[in-house]
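**Q** Protein chains in written order, with this note's numbering: chain A, 1 to 111; chain B, 112 to 222; chain C, 223 to 333.
Calculated directly from the structure, the hints in this document are not laboratory data. Note that the structure is predicted; figures quoted are calculated from it, not measured. Wrong hints could be hidden among the right ones.
[Said to hold, decoys possible] Under the rule of at most 30 Å between Cα atoms (straight-line distance), these lysine-lysine pairs were calculated in the DSSO-like manner:
| no. | chain 1 | residue 1 | chain 2 | residue 2 |
| --- | --- | --- | --- | --- |
| 1 | C | LYS272 | B | LYS198 |
| 2 | A | LYS87 | B | LYS205 |
| 3 | C | LYS232 | A | LYS75 |
| 4 | A | LYS10 | A | LYS94 |
| 5 | B | LYS186 | B | LYS121 |
| 6 | A | LYS87 | B | LYS186 |
| 7 | B | LYS121 | A | LYS94 |
| 8 | B | LYS121 | B | LYS161 |
| 9 | B | LYS121 | B | LYS190 |
| 10 | C | LYS301 | A | LYS50 |
| 11 | C | LYS297 | B | LYS121 |
| 12 | B | LYS186 | A | LYS94 |
| 13 | B | LYS205 | B | LYS190 |
| 14 | B | LYS205 | A | LYS10 |
| 15 | C | LYS272 | A | LYS75 |
| 16 | A | LYS79 | B | LYS190 |
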Amino acid sequence: MPHIVVRGIKPEQMCTISTPLVEELAVICDCGTDNCTIDCLHTTSVFDGKIVDTYPFIEVAWFERGLETRDRFAKAVAKQVRSLGIKEVEIAFKTYREDSYYLNGERCFDK
Amino acid sequence: MPHIVVRGIKPEQMCTISTPLVEELAVICDCGTDNCTIDCLHTTSVFDGKIVDTYPFIEVAWFERGLETRDRFAKAVAKQVRSLGIKEVEIAFKTYREDSYYLNGERCFDK
Amino acid sequence: MPHIVVRGIKPEQMCTISTPLVEELAVICDCGTDNCTIDCLHTTSVFDGKIVDTYPFIEVAWFERGLETRDRFAKAVAKQVRSLGIKEVEIAFKTYREDSYYLNGERCFDK
Chain A
1 MPHIVVRGIK PEQMCTISTP LVEELAVICD CGTDNCTIDC LHTTSVFDGK
51 IVDTYPFIEV AWFERGLETR DRFAKAVAKQ VRSLGIKEVE IAFKTYREDS
101 YYLNGERCFD K
Chain B
112 MPHIVVRGIK PEQMCTISTP LVEELAVICD CGTDNCTIDC LHTTSVFDGK
162 IVDTYPFIEV AWFERGLETR DRFAKAVAKQ VRSLGIKEVE IAFKTYREDS
212 YYLNGERCFD K
Chain C
223 MPHIVVRGIK PEQMCTISTP LVEELAVICD CGTDNCTIDC LHTTSVFDGK
273 IVDTYPFIEV AWFERGLETR DRFAKAVAKQ VRSLGIKEVE IAFKTYREDS
323 YYLNGERCFD K
């Protein structure tokens with residue numbers, strides 16, 4: 001965690017920003033860079049009867065870290081994505097409950 | 112928003128219903144048709160030791176709009192999907208929190 | 223329901239464990255085996271400037287069933303996945319609200 005799940009941005013594009021992005025996010029989240037995953041979903045989008053480019057959208061799955069951290073995280077992601085020449089990107093955060101997260105079948109948090 | 116995320120229905124099939132579907136949903140949600148995205152996820156499903164067709168499933172990601180709007184939205188989606196000859200489709204709604212949604216790194220809602 | 227949505231494990235691998243896994247989960251959830259779907263998402267992941275293998279991650283989408291059932295469910299999934307020689311797998315549960323779930327446009331639960 002956090003998991004960065006991407007739609008509408010090519011893996012090759014995400015590659016070029018992955019190192020600075022993950023370094024920045026690790027500082028913001030106060031975690032190791034290897035806690036961060038970037039997964040690009042393969043999608044085909046449609047609109048008005050045609051196949052169209054997928055709208056650039058990133059869903060961040062993580063544990064709740066509060067508004068200030070979230071704001072900084074979103075800014076960092078958007079800055080990096082827009083440095084690719086992508087004009088618009090939407091980002092939504094979804095939270096997992098800590099008592100609903102398991103590593104190798106064991107609950108990660110005992111709270 | 113809303114985002115319509117599709118599993119188990121081909122993009123070519125979604126194409127043929129995309130225009131009337133999005134027009135109907137825009138009325139139900141009182142928003143522009145271009146707020147609606149339809150993304151088909153590429154998936155491979157398995158059951159009982161074999162690769163099988165993915166069960167038709169649609170996850171709607173949006174902000175909470177209440178039971179009545181949700182009921183009308185689900186009915187509209189199901190009617191259009193079933194017009195494709197698909198006999199069964201399940202639809203689940205997942206809500207994003209308004210304070211956790213960002214456009215270009217800025218929170219969309221200040222509440 | 224439950225929906226088992228997989229990243230980073232090949233469909234061919236999930237095939238080989240699908241029968242015993244679903245049988246075990248059906249007992250844990252006290253439901254029919256055909257209520258369980260296993261969908262593998264096609265993804266491409268990046269890290270440190272390179273395309274990398276996707277980290278094995280399973281998101282279980284279901285209705286809340288409580289801690290004890292969740293623990294048993296996670297243990298069963300992890301045991302089967304690790305029997306494939308996969309050393310680490312993370313599992314997160316996400317809950318749908320019962321009043322936000324529809325079959326063919328009709329709410330499944332009237333609560």
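**Q** Can you confirm whether the C-alpha distance between C:LYS301 and A:LYS50 stays at or below 30 Å?
**A** Violated. C:LYS301 to A:LYS50 sits at ~43 Å, over the 30 Å cutoff.
**Q** Please verify whether B:LYS121 and B:LYS161 have alpha carbons no more than 30 Å apart.
**A** Holds, at roughly 20 Å.
**Q** Is B:LYS121 close enough to B:LYS190, meaning Cα to Cα at most 30 Å?
**A** holds, 16 Å
**Q** Quickly compare the C-alpha distance for A:LYS10 and A:LYS94 to 30 Å and report which way the hint goes.
**A** holds, 22 Å
**Q** Please verify whether C:LYS272 and B:LYS198 have alpha carbons no more than 30 Å apart.
**A** violated, 43 Å
**Q** Given the hint that C:LYS232 pairs with A:LYS75, test it: the Cα-Cα distance must not exceed 30 Å.
**A** At roughly 34 Å apart (the allowed maximum being 30 Å), A:LYS75 and C:LYS232 break the hint.
**Q** Hey, B:LYS186 versus A:LYS94, does the alpha-carbon distance stay inside 30 Å?
**A** Holds. B:LYS186 to A:LYS94 sits at ~26 Å (cutoff 30 Å).
**Q** Compare the distance between the alpha carbons of C:LYS272 and A:LYS75 with 30 Å, and conclude whether the hinted pair is satisfied.
**A** Given that 30 Å is the threshold and the Cα spacing comes to 23 Å, the pair holds.
**Q** Compare the distance between the alpha carbons of A:LYS87 and B:LYS205 with 30 Å, and conclude whether the hinted pair is satisfied.
**A** With a Cα-Cα distance of about 27 Å, the restraint between A:LYS87 and B:LYS205 holds, given a limit of 30 Å.
**Q** Take a quick look at whether B:LYS121 and A:LYS94 sit within 30 Å of each other, Cα to Cα.
**A** Satisfied, since the Cα-Cα distance of roughly 27 Å is no more than 30 Å.
**Q** If you draw a straight line from the CA of A:LYS87 to the CA of B:LYS186, is it 30 Å or shorter?
**A** With a Cα-Cα distance of about 35 Å, the restraint between A:LYS87 and B:LYS186 is violated, given a limit of 30 Å.
**Q** Need the status of pair B:LYS205, B:LYS190: alpha-carbon distance at most 30 Å?
**A** holds, 20 Å
In terms of the numbered hints stated before, the structure departs from hints 1, 3, 6, 10, 11 and 16, listed from lowest to highest.
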